[in-house]
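A.B. asks: Here's the letter readout for the chains.
Protein chains: 2
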Amino acid sequence: MLKYEKVANQIELFIKENDLNQGDKLPILDDLTEEFKVSKSTIIKALDILEIKGLIYQVRGSGIFVRKSHRSGYINLSGGDGFRKDLEGFELDSKVISLEQMVPPKKVALGLKLEDNEEVYYLKRLRIIEGAPLCLEESYFSKKHVIYLNNEIVQGSVFDYLRDDLKIEFGFTDIYLRIVDLSKKEAELMGLKEGDAALLSESMYHLHNGEPFNYSILKYHKDQAQFFVPTSRY
Amino acid sequence: MLKYEKVANQIELFIKENDLNQGDKLPILDDLTEEFKVSKSTIIKALDILEIKGLIYQVRGSGIFVRKSHRSGYINLSGGDGFRKDLEGFELDSKVISLEQMVPPKKVALGLKLEDNEEVYYLKRLRIIEGAPLCLEESYFSKKHVIYLNNEIVQGSVFDYLRDDLKIEFGFTDIYLRIVDLSKKEAELMGLKEGDAALLSESMYHLHNGEPFNYSILKYHKDQAQFFVPTSRY
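First to last, the protein sequences are chains A and B. Per our numbering: the first sequence = residues 1 to 234. Per our numbering: the second sequence = residues 1001 to 1234.
Isolated chain A (complex conformation) (with noise of 0.2 Å):
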């Protein structure tokens, strides 16, 4: 982690423990500069990093301001690596329907970049929140990077595993939301009604070197699908 970022978590972790609200005032550049012993460009970068990421906002000549947390169930789009850390509190748990080794459709090969008959881990699963069905899973993983899969670890957090144990250094996400129909297998699973609308999130999931390593499609139960977007002033 390079120390921006460092800085950046530790400013994040003083607005959660000091409980500051939408409007509350942080100390200003020179405080922080002090305080966290680092340099004001150091400083600087942390601070566009968290408005990036909507925990604050800057007006210039007047001071850095605290940007409310959204409401709790909803997941930010803005993080790019998975959901879990948005349904902190919610109990989640996974039903693994499949996990394959296969040659993947060809719109998937071509928007992984693989050569021909380069083969991907398959892994359809239902997400399941509080016991209820969140959505229902579709991902190919490419082998090249993800070396390897098993069962007892798509039953956790696989973006965990990556990070931690593949240590894969995740780069930019392309997620695309649109409105679909369920099939009547995808509506059983869902415990819904065949032709039920659900919310289609597809997302292409890259390394920090721009080379796509993951495709999924998340089909979310019209009632759990609740998304947070946070934009910044750019």
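The set of hints was computed from the structure by calculation and includes no laboratory data. Fair warning: this is a prediction, and the values are worked out from it, not measured in the lab. Think of the CB as a built atom: it goes at the ideal place given N, C-alpha and C, for glycine as much as any other residue. Heads up, none of these hints are tricks.
Derived SDA-like pairs (lysine to any residue); straight-line CA-CA distance at most 25 Å: (1) B:Lys1113 / A:Gly23; (2) A:Lys53 / B:Lys1006; (3) B:Lys1045 / A:Pro27; (4) B:Lys1144 / A:Ser62; (5) B:Lys1068 / A:Glu169; (6) B:Lys1184 / A:Val180; (7) B:Lys1006 / B:Asp1019; (8) B:Lys1184 / A:Leu192; (9) A:Lys6 / B:Ile1044; (10) A:Lys40 / B:Ser1039; (11) B:Lys1016 / A:Tyr176.
Pairwise CB distance ranges (calculated): (12) A:Glu88 / B:Asn1151: 46 to 56 Å; (13) A:Lys6 / B:Gln1155: 49 to 59 Å; (14) B:Asp1116 / A:Gly23: 12 to 22 Å; (15) B:Met1001 / A:Lys184: 48 to 58 Å; (16) A:Lys193 / B:Met1001: 50 to 60 Å; (17) B:Asp1160 / A:Lys184: 42 to 52 Å; (18) B:Phe1014 / A:Glu100: 43 to 53 Å; (19) B:Leu1110 / A:Ser39: 38 to 48 Å; (20) A:Glu100 / B:Asn1151: 55 to 65 Å.
Since chain A is already given, all that's left is putting chain B on it; use the hints.
C.D. replies: What follows is chain B alone, placed relative to chain A:
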């Protein structure tokens, strides 16, 4: 507009004019500094903005690369200032259902931080794309900031008017998304059936100084609700 914002726009234009694709490399920092005749720190700030906007990604020790522009017809939620720009090339229209001055519901007044009995402009309109219903909009504009609206203005882009005529400086936006069922009246306006699903987008827009000025509720036609969220590596 600040210098680094101007440079960011120029680099964006450079990418468009040279028709660069995902993974294409941009000139190195020193060359950009020379090309745009600004300081290194201005270029760095401009590149950070472009990264946040999902237009480039930076790989330490390797270079600056173009991120592919997203699928046509998808609305980029990270823009935070209406969807006109994303839907360029599509014919957009509005059918104004009502425009009035009123004391808003309590929840709205609280969100907009209004005093007791402070009024808003309330706007209800159907947004139309290529002749078909795109979404049903209900917007509350605090009169303190949006001092004047009329039927002619709300026929077009209210945000263009706020920016260009009222010189309002936009800040950050909180966007919440979920699926709702349409009422009979709403469904009729959209050419759908009662109980059909719609994608509800609830947005609180803030000025550059953090004051909320507009609360909007959009219900998107299920066939037209297509959103894009680019996340960056932060």
